[in-house]
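In order, the protein sequences belong to chains A and B.
To convert, take the position in the first sequence, counting from 1, and add 785; that gives this note's numbering.
To convert, take the position in the second sequence, counting from 1, and add 1; that gives this note's numbering.
Simulated from the structure, these hints should not be mistaken for lab results.
There is no bait here: all hints are sound.
Derived EDC-like pairs: lysine to aspartate or glutamate, alpha-carbon spacing no greater than 16 Å straight-line: (1) B:K96 - A:E964; (2) B:K11 - B:E68; (3) B:K11 - B:E229; (4) A:K963 - B:D58; (5) B:K11 - B:E74; (6) B:K226 - B:E66; (7) B:K129 - B:E168; (8) B:K118 - A:D975; (9) B:K78 - B:E66; (10) B:K199 - B:E5; (11) B:K113 - A:D975; (12) B:K197 - B:E170.
Quick caveat, the model's predicted, so the values are computed rather than measured.
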Amino acid sequence: MIFSQRQKDRFMSYFFFIVATASIAVLFMIMLFLFMEGIPIFQKISPKDFLFGEYWYPTDEPPDFGIFPLIFSSLAVTFLSALISIPLGVLTAIYLAEIATYRFREIVKPIVELLASLPSVVIGFFGMVVVAPFLQETFDIATGLNLFNAALMLAFMSVPTICSISEDAIYSVPVSLKEASLALGATSLDTIVRVTIPASISGISTAIILGMSRAIGETMVVLMVAGGAAMVPGSLFDPVRPLPASIAAEMAEAPYRGDHYYALFATGIVLFVFTFSFNLIADYISNKYRQVGEATL
Amino acid sequence: MEQEYKITSKNLDFYYGSVKALQSISLNFQLHQATALIGPSGCGKSTFLRCLNRMNDLIPGIRVEGEICMDGENIYKPSVDVVRLRSRIGMVFQKPNPFPKTIFENVAYGLKVNGVKDKNLIAERVEKSLRSGALWDEVKDRLHDSALSLSGGQQQRLCIARALAVEPEVLLMDEPCSALDPIATQKIEELIHELKDKYTIIIVTHNMQQAARVSDVTAFFYMGKLIEAGETDTMFTRPRLKTTEDYITGRFG
Ligand SMILES: Nc1ncnc2c1ncn2[C@@H]1O[C@H](COP(=O)(O)OP(=O)(O)OP(=O)(O)O)[C@@H](O)[C@H]1O
Ligand SMILES: [Mg+2]
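Chain B on its own, in the form it takes in the complex:
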């Protein structure tokens, strides 16, 4: 079966100083699918996710070996424009981190730094992104209030809208619901379902049900290694390995 991969990672090793945090990760992400990264705390999920948009570059003393390709091009090639790369890969963080600016300014930010000047276009895109982020109805009358006046769940959806505004091709989400209540979580899960049509989504989660609900593919990490990856349905019903099964069923430890 011919498959179209948006991102491929091949034999990726990652070091924090002398500590090896990722070992030979080979994992491919299909276009317009949602992949869930699961695994116990400290196994390297966030590290791997942050390799995909080169966010780890900011940490001193790191080293990357192996390759990650997006649309067939190695993103760790020296000639790659990291700023441009990051505008093609959106990221939503574990803790909502809106800028201390207005709601409007938060969403418009990505456009402005990417050189969009047209006021009408910005306003249009802000509305569209807030609608995609399922936040528009709640904030349309208070766009010029501070984003910090929103609730935690609203802030997280704002952060999603902010990431969508630059129209990335890939969306990375690191436990986007870990600080949210069930209702906000459900909203974001529904959102992920809708966004799949347009974006390639990679989501880290500690919640097995969530992984099962939102993802097409699930990858299980353990101690810096990729243990098993496959169709989510298969992974949750008939995992190949005992470790995976133990983790998924909560008998881990």
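Just chain A, same shape as in the assembly:
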């Protein structure tokens, strides 16, 4: 049978339509599943008590399903890791792009990029075996597996991406702009702060978003180094239990379709909302800073 050109065209567009809808449908079904398995817990406990309850003792009799400590832990770990990784990544990028010699840059940049491909379990392992004992001894604390360690390890995961992409953005700012600034009697610091960084801010924010998206919702590292205590931390060095760590650690032992099982799925919903809002904000920021127009003649 011979197809006409038009039929082929139509066939192709059906084909792509089916592939596209299939993957969207699967994603949608996963979401549906998540909600179906999570919502039943709210017959036992009100959403308010679930979200703001201070005690997470899912296996006690009667159990407590308050995930506030988990939410708080997740936010604290993410926030703290951003606080470490953003300045570290962006400043390193500025150094590499604007201050370091060409040779130094050519050597260091690939190394930084290599760090981005470290599997998270390796980073977690490093945190457990090297950083934890170090923290424990240096600060004389009960355990080195804690909020600070987790934030630090997550920062390690974000820094290479943040640094590498920011560096590309900063490096690609046209020399003519920097020369214009210097020729007006600006110092190199002025030029970096007032011209180079603003001109590359869209690339830098994309870098931060991509870098952090590796850390947000990250399970393995926090499972290994956060310490696992379901309490609201009182200090940087208290062990914590972020949402994904809790799900990963408990799912295997939660009885199928029991309350604990439903509670873990509901925790998953919360995590989903968490990462989803992050992505929304990320999208908004990278759109906002997208440079409009270009220097043209």
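Starting from the known structure of chain A, fit chain B with the ligands onto it as the hints suggest.
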């Protein structure tokens, strides 16, 4: 005849790595005059111009020998504050290079980095500079639009206004009209005429008519050397050397 020189260059040699780009350039620039640097592509005009505000310092591996003095002081002396020096010497580049900021911010930039904080003074100076740059009437209602929304010719005049805002003593222009249409070019040439009263101007150009129209003195460069320099009228009517004549009349090659 006693002459007042703003900038003097004596036996200036310049190297990009091991490549000698300028050879023993000795050339003086009189206060409140416009000097045109002409010569075939690659002869070192831009290199020389960029030596005058030490813009070449940014290029790794360069070396400068000989001296350039401004108001009698060697600008390559180690004790010279390059940042301060550059704020005394404005530069306009071949391609318009406005910052991706608003028109106002572009002109105010030089003032801000030089420590001017007074908002009124900045606004005043921005208007004055835009007027001197013959751009005010075209942009006065859209000062807070992006500078990138201007046309190429407007952008170049903005860059001139930006350079004027810091009130430099010298203005260096590297083929400022090469990307512009005849009308914009004419505007900038008129501007140069007006600016001569207050500034010492050095302009690189490939356009002989332009050199003849705007400059008092013309210097002809060839293969990294200064071949001939003199009053523009003389240079264009009775050059001393055959090479100069050939170049000016377009019989070069
Ligand atoms: N950054 C650089 N590194 C190495 N060599 C350079 C550099 N810039 C210029 N040169 C060389 O120095 C010589 C003079 O260049 P310059 O840019 O000063 O010429 P020009 O007279 O301005 O030419 P044009 O009229 O084309 O602008 C050329 O041979 C050029 O190849
Ligand atoms: Mg040139």
